[in-house]
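2 protein chains.
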Amino acid sequence: MDRVLIRELKEYVGKKVTLRGWVHRVRELGGISFVVLRDRSGMAQLVFQGAVDFGVETVLAATGPIQANEKAPEGLEMVVERVEIMAAAAGDLPVPINQDPERIGLEAILDHRMLSLRNPKIRSIFTLQSAINQYFGEYLRSQDFTEIKTSKLIGSGTEGGTGLFEVEYFETKVYLAQSPQFYKQALISSGMERVFEIGAAYRAEKHDTPRHLNEYVSLDVEMAFIESEEDLMDLESGILTYIFEKIRENHQPILDQWNATVPTAEQVAKAPRLPHEEAKKIASDRVGHRLFEINPEAERVICDWSMEQFGVDLVFINEFPRKKRPFYTFPRGLKTMSFDLIFRGLEITTGGRRINEYPMLLETLPRFGLTEEGLGGYTDIFKYGCPPHGGFAIGLERLTQKILGLNNVKEASLFPRDRKRIKP
Amino acid sequence: MDRVLIRELKEYVGKKVTLRGWVHRVRELGGISFVVLRDRSGMAQLVFQGAVDFGVETVLAATGPIQANEKAPEGLEMVVERVEIMAAAAGDLPVPINQDPERIGLEAILDHRMLSLRNPKIRSIFTLQSAINQYFGEYLRSQDFTEIKTSKLIGSGTEGGTGLFEVEYFETKVYLAQSPQFYKQALISSGMERVFEIGAAYRAEKHDTPRHLNEYVSLDVEMAFIESEEDLMDLESGILTYIFEKIRENHQPILDQWNATVPTAEQVAKAPRLPHEEAKKIASDRVGHRLFEINPEAERVICDWSMEQFGVDLVFINEFPRKKRPFYTFPRGLKTMSFDLIFRGLEITTGGRRINEYPMLLETLPRFGLTEEGLGGYTDIFKYGCPPHGGFAIGLERLTQKILGLNNVKEASLFPRDRKRIKP
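Heads up: the sequence lines are chains A and B, in that order.
With the first letter of the first sequence counted as 1, position 57 gets the number 57 in our numbering; the numbers rise by one all the way through.
With the first letter of the second sequence counted as 1, position 158 gets the number 158 in our numbering; the numbers rise by one all the way through.
Simulated from the structure, these hints should not be mistaken for lab results.
A couple of the hints might just be wrong.
Said to hold, decoys possible - Reference listing, derived: stretches of chain A covered by chain B, where coverage requires no fewer than 3 residues with Cβ under 8 Å from a Cβ of chain B:
| id | segment |
| --- | --- |
| 1 | 120–128 |
| 2 | 281–292 |
What the hints assert, rightly or not - Under the rule of at most 25 Å between Cα atoms (straight-line distance), these lysine to any residue pairs were calculated in the SDA-like manner:
| id | chain 1 | residue 1 | chain 2 | residue 2 |
| --- | --- | --- | --- | --- |
| 3 | A | Lys71 | A | Leu110 |
| 4 | A | Lys423 | B | Leu291 |
| 5 | A | Lys423 | B | Lys423 |
| 6 | B | Lys423 | A | Ala204 |
| 7 | B | Lys423 | A | Ser218 |
| 8 | A | Lys423 | B | Gly311 |
| 9 | A | Lys206 | B | Lys206 |
| 10 | A | Lys420 | B | Arg82 |
| 11 | B | Lys173 | B | Ser33 |
| 12 | B | Lys173 | A | Lys246 |
| 13 | B | Lys173 | A | His207 |
| 14 | A | Lys423 | B | Gln252 |
| 15 | A | Lys173 | B | Leu362 |
| 16 | B | Lys206 | A | Phe170 |
| 17 | B | Lys423 | A | Gln99 |
| 18 | B | Lys324 | B | Trp258 |
| 19 | A | Lys423 | A | Glu138 |
| 20 | B | Lys173 | A | Gln99 |
| 21 | B | Lys423 | B | Asp144 |
| 22 | A | Lys206 | B | Glu166 |
| 23 | B | Lys324 | B | Gly311 |
| 24 | B | Lys246 | B | Pro366 |
| 25 | A | Lys173 | B | Lys15 |
| 26 | B | Lys423 | A | Lys246 |
| 27 | A | Lys246 | A | Pro326 |
| 28 | B | Lys15 | B | Ser33 |
| 29 | B | Lys173 | A | Glu138 |
| 30 | A | Lys423 | B | Glu166 |
| 31 | B | Lys423 | A | Phe165 |
| 32 | B | Lys246 | A | Glu138 |
| 33 | B | Lys423 | A | Pro326 |
| 34 | B | Lys420 | A | Glu138 |
| 35 | B | Lys420 | A | His207 |
Note that the coordinates shown come from a computational prediction; the quantities given were computed from them, not determined experimentally.
From the three backbone atoms N, C-alpha and C, an ideal C-beta is built for every residue, glycine too.
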C-alpha cells in the first residue's frame, strides 16, 4: 500500500492507509498503546491493542483505518492493523527527542547533533533556514540577479590577511575565503551587473560568544550602477520584506512554535538610517556613558530606541569612518558610503559602495599597507572599466537566530564550528 | 534620465533614453563612429559624429533617441547626443573581450579570469550555471525537499581518509569535506526525509585532466524511504528533465551561441540502466579489448552505444561491485545498490542506497578498516532508527560542461582550482 503523509490524513478518514515514520512517544493506558508517529509532515496518533515491543525512534510502517477521535492530535488517529519495523532504535538515547529543547541545554544539543536534529522544534529552525535561502534567491532572481559560486580557496586575504585559516594545498599554502568580495566585484564588472552568492565564509577568530561562528553561510549581494549605499539599503529592505512576508505566508506554524514574529512590510519601510556618529550619540545617551564604537551593547540599545521611536527593531547605520572599514570602501569625505544593518539588537549585515575608480584605488592601497601586486590581479577589475557598484552580506545564521529569537547563533547552524567544536 | 536596458530598446523607438554599459567595440567609418555597447541584457549600436576619445571596456552612460536601422544589431541604434564616461579603461587589455573565446586559449582565459569573464560567450556559461542551480532547487522543493547547508570543515574523511586537504584549525587540524555524505544521512534521519545541498566539495587529488577540479560544486540529494537505487535513478531523471526543459524554455539563445542542445523529456526517459558487468561488456566490445573498469574511454563508447540504441547519450550504470564503492553502500549480494550516470561520455553522478541497518553497518566497518569510534558519532544515526534511504551528487561544473559541449571542466568553473592554479 502506498505511503500517505501525516498532513494528508484528513483526506483519508474512514479509509485504510499506510504511514511511515519515527516513533515519537509511547504511552500505555488500560491495555491500549498510544504511539505518536512522526514523519516529515507532522505527527499522528497510532492506537495498538496491548503493549508494543518497540521504543521511541524506531522507524515503522503502520497500516490501518483512520478514524476521528477528538482527543487525538488534529482529531484523527490510526487503528493499527499491521505494523512493520523498518529500523530498530537502541534504548539508550543520549538526548531526548520528544522534549522541549530548552530542557536539554546547548552543549548536549550540539554534542549529539546527529540525534538532536530529530527534535521537531530544533528541526524547524532548519526548515525555516531552507525557506530563507529560497526566498533570498527568489527575490534576487526576480530583480535580474545571477547566482554565482566562487572559490573558497584563495591565495591571500581580502580584508588584510588576519583571521584566515590556512590550508595545505599540494606544495603550497592557501586560505579559506572570508568573503567572496573580490569575486563579486569581478562578476558585476563582467557585465552580469547583479550577482548573489549563498556560500560558506570563514573567520579564524578566537572568540567564543553567542554571536560568532568560525564558519557561517554568507548571503552575498553585489550590484553595479548604484549611486551610494542608499541604493543598497533599499535593496536589502526589499529582500527582507520579501523574506518576512513569505515566512509569514508559509511558515506561520514555525513562528508560533517559537513564539516569534517577523516585521511587516510597513515596519521594514520605517527602519531608520542613522549616520554612525548619531548612532553612537543615541547609544551613549541610553547606556549613560560615552561609547566609542557600536559594540554589542550599543546594538541592543539602538534597536530599543528604534522600537520606541519607529515601532521597528531594524536599524541601518551608515557613514562609518574610513578607518573602521576595509580599504575598498568608497569614501564620502572622512566617512564612507558604507552601512550595517542591526536587527533585534544584532548586526546581521555589513555593506557599502566600493571604490570603482582605478586612480582612487591606487591612491588608497598604500594607506592600508597594500600593493597592487599583493592583490594578485584584483586591480585589473578597475583598470579596465568598472562601473560604480556596491553590495553587502547577510549572515544566514544570525538572520535565522533573530527571526526565531534563539539565544545563541550556534543554534541556527546545522553543524556549528567554533574554536573547540569541529564535530560532528 | 532613468536607465533603460538594451533588451527593452524596441519599446523606445523614436524616444530618447539613457543606456549604460561597457564599450564592446569601436569602428570609425566615413567620419562616424559606431560603438557597440554591452550591458547585462545585450548589445546595442551607438552612433557618434566624428571620432570618439574612449576605447573598449570604458563604462559609459549614453543618451539619445533610438531609431530603426536595419544594418544595426536587432535593427535599432542610438544617435548619441550626450555621453558620460563613468569609468575609463586602460588600453592594454591582456585578453581580448570582443572575440570568440576559441581564439584565446584556456590558459590565458583562466590566468586573466577577472577580465575574460567579460567576454559575453564566456559569461553565458555562468548565466546558464546560475539557471541550473535555480532549476535544481525548484524541482526538489516541489518534491518536498529541504535545502541544507552543512559544514565543510570535518574531523575526518567520509571516504576513508585519502584525498583530503588539511586545514590548520586553531590548535588542531581538520579537513575540507569531500562530500556532505554523513550530514545528509543525519538530516534525512532527522525526519526531514528529503534534503538537498548545493555546496563546495574538495578532492586533494593530483590529477590534471580536462575532467577534474580540486574544488567543485556538488548538487547533493538524499531521500528516505526508498527501496533501491531505482528510486534514485527515477528522481534524477525527474531533476534532469526539469532542468533541461527549463533551459530550453528560458535559455535557448545561450544554447544557440554554443551550438548546443539538451535532451528532451522523451530522451531522458529512454536512458538505459545497465548493470556494471553489462556496461563493461558493451564497452569492451566497442573498444576491441577487455576493459576491467568503466574508465573515461568506456564512458565515451557506452554513450555512443546508447545514442545508437536508444537515441540518448545518457546512461545509468548500476550494480557496481562492493569493492568499488564506499563502505556505506547498501549491498545486493556481491554487488551494490549503487549507480553512476554518464552524460555525453562523462560521469556526472555517483549515488546509491546507503546502509541504514545498524547491525549491517557494524559488520561492514572492519572490512573497510574502519571503527565506530573513528567515525565520530556517525553511527548514532543508525543506532537509533534510520529508515532505508539513499542519494546522489551531480557535479555542477561537469553538468554545465556537457550541456554546452565545453572541452574542459575548468571552463565551467568561475575560479577553478587545480594543482597549480590557486588564483585569481
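Status of the hints after comparison with the structure:
1. 120–128: holds (count 4)
2. 281–292: violated (count 0)
3. A:Lys71 x A:Leu110: With a Cα-Cα distance of about 35 Å, the restraint between Lys71 (chain A) and Leu110 (chain A) is violated, given a limit of 25 Å.
4. A:Lys423 x B:Leu291: Measuring from Cα to Cα gives roughly 41 Å; hence the hint is violated.
5. A:Lys423 x B:Lys423: violated, 30 Å
6. B:Lys423 x A:Ala204: Given that 25 Å is the threshold and the Cα spacing comes to 21 Å, the pair holds.
7. B:Lys423 x A:Ser218: holds, 21 Å
8. A:Lys423 x B:Gly311: violated, 47 Å
9. A:Lys206 x B:Lys206: Given pair Lys206 (chain A), Lys206 (chain B) is violated - Cα atoms ~33 Å apart, limit 25 Å.
10. A:Lys420 x B:Arg82: Not satisfied, since the Cα-Cα distance of roughly 61 Å exceeds 25 Å.
11. B:Lys173 x B:Ser33: violated, 61 Å
12. B:Lys173 x A:Lys246: violated, 41 Å
13. B:Lys173 x A:His207: The hint holds at about 18 Å.
14. A:Lys423 x B:Gln252: violated, 45 Å
15. A:Lys173 x B:Leu362: violated, 38 Å
16. B:Lys206 x A:Phe170: Holds, because 8 Å separates the two Cα atoms, which is no more than 25 Å.
17. B:Lys423 x A:Gln99: Not OK: Lys423 (chain B) and Gln99 (chain A) at ~49 Å, beyond 25 Å, violated.
18. B:Lys324 x B:Trp258: violated, 36 Å
19. A:Lys423 x A:Glu138: Answer violated: Lys423 (chain A) to Glu138 (chain A) is near 32 Å, above 25 Å.
20. B:Lys173 x A:Gln99: Violated, because 35 Å separates the two Cα atoms, which is more than 25 Å.
21. B:Lys423 x B:Asp144: violated, 39 Å
22. A:Lys206 x B:Glu166: holds, 19 Å
23. B:Lys324 x B:Gly311: violated, 29 Å
24. B:Lys246 x B:Pro366: Answer violated: Lys246 (chain B) to Pro366 (chain B) is near 46 Å, above 25 Å.
25. A:Lys173 x B:Lys15: With a Cα-Cα distance of about 57 Å, the restraint between Lys173 (chain A) and Lys15 (chain B) is violated, given a limit of 25 Å.
26. B:Lys423 x A:Lys246: violated, 39 Å
27. A:Lys246 x A:Pro326: Outside the cut-off at roughly 34 Å; violated.
28. B:Lys15 x B:Ser33: holds, 21 Å
29. B:Lys173 x A:Glu138: violated, 38 Å
30. A:Lys423 x B:Glu166: holds, 15 Å
31. B:Lys423 x A:Phe165: holds, 17 Å
32. B:Lys246 x A:Glu138: holds, 16 Å
33. B:Lys423 x A:Pro326: holds, 21 Å
34. B:Lys420 x A:Glu138: violated, 37 Å
35. B:Lys420 x A:His207: violated, 34 Å
In this structure, the earlier hints numbered 2, 3, 4, 5, 8, 9, 10, 11, 12, 14, 15, 17, 18, 19, 20, 21, 23, 24, 25, 26, 27, 29, 34 and 35 are contradicted, and the remaining ones agree with it.
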